[in-house]
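J.: Read off the chains here:
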Amino acid sequence: AQSVTQLDSHVSVSEGTPVLLRCNYSSSYSPSLFWYVQHPNKGLQLLLKYTSAATLVKGINGFEAEFKKSETSFHLTKPSAHMSDAAEYFCVAGGGADGLTFGKGTHLIIQP
Amino acid sequence: EAGVTQFPSHSVIEKGQTVTLRCDPISGHDNLYWYRRVMGKEIKFLLHFVKESKQDESGMPNNRFLAERTGGTYSTLKVQPAELEDSGVYFCASSQVWPPLRYEKLFFGSGTQLSVL
Numbered sequence: 001a002q003s004v005t006q007l008d009s010h011v012s013v014s015e016g017t018p019v020l021l022r023c024n025y026s027s028s029y030s031p032s033l034f035w036y037v038q039h040p041n042k043g044l045q046l047l048l049k050y051t052s053a054a055t056l057v058k059g060i061n062g063f064e065a066e067f068k069k070s071e072t073s074f075h076l077t078k079p080s081a082h083m084s085d086a087a088e089y090f091c092v093a094g095g096g097a098d099g100l101t102f103g104k105g106t107h108l109i110i111q112p
Numbered sequence: 001e002a003g004v005t006q007f008p009s010h011s012v013i014e015k016g017q018t019v020t021l022r023c024d025p026i027s028g029h030d031n032l033y034w035y036r037r038v039m040g041k042e043i044k045f046l047l048h049f050v051k052e053s054k055q056d057e058s059g060m061p062n063n064r065f066l067a068e069r070t071g072g073t074y075s076t077l078k079v080q081p082a083e084l085e086d087s088g089v090y091f092c093a094s095s096q097v098w099p100p101l102r103y104e105k106l107f108f109g110s111g112t113q114l115s116v117l
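These protein sequences, in sequence, are chains A and B. Residue 61 in this note's numbering sits at position 61 of the first sequence, and the numbers go up by one each step. Residue 54 in this note's numbering sits at position 54 of the second sequence, and the numbers go up by one each step.
In short, the hints are calculated from the structure, not lab data. Each hint can be trusted.
Dumping the calculated DSSO-like pairs for lysine-lysine here, alpha-carbon to alpha-carbon at most 27 Å:
#1 B:Lys41 <-> A:Lys69
#2 B:Lys105 <-> A:Lys69
#3 A:Lys42 <-> B:Lys105
#4 B:Lys105 <-> A:Lys49
#5 A:Lys42 <-> B:Lys41
#6 A:Lys68 <-> B:Lys105
#7 A:Lys42 <-> B:Lys51
#8 B:Lys44 <-> A:Lys42
#9 B:Lys41 <-> A:Lys49
#10 A:Lys104 <-> B:Lys41
#11 A:Lys69 <-> A:Lys49
#12 B:Lys51 <-> B:Lys78
#13 A:Lys58 <-> A:Lys68
#14 A:Lys104 <-> A:Lys58
#15 A:Lys69 <-> B:Lys44
#16 B:Lys41 <-> A:Lys68
#17 A:Lys104 <-> B:Lys78
Remember, it's a predicted structure, so these values are computed and weren't measured experimentally.
Please take these sequences and the hints and turn them into a complete structure.
T.: If you want it as structure tokens, here you go:
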């Protein structure tokens, strides 16, 4: 069994400041981990994925995430927020017979 | 290339009525998935088609939900009769990759917002 916990339902940052969206996972094996983003009225889009290769994963639009096994975390970061980053972000674990397990989502709000 | 499309984008119905949601996957994608997000909860798996066959329907909540994929192209998800707790966003996703455990190859639609009053 696997579970995903997104620690913040909403995160608000000012444009140009760093973004940190937190995610912890629990799994009986080493899952693949993903971050998806959903902009209003759009489909879920894959930002990045971790599949047991490099622990620091770079994604699209300047986002990256670091897999830390000792902390069972997969936090998403971006050095400088842009207004277009405002969206809902989902941390997802996947693998094996458990399929995809989604976190509850984090709304990222960008203040001008 | 067209993405995964879902219709309608929004549906408001009364309790006891029937609603049919449609999903058109990316052309050539054999794998089609339905997911649901109830308000305040996580996105949850409903079922998975491989072509026209149901590969896994373990996530279907009850027998009021019926999914079909005739001809292995588009899929419909019918709720009959709808109940209040069925309200939420229904997502469809598709992938070409087999086996379907390569989830990074999954493409999602924008979802159908279903409101049951």
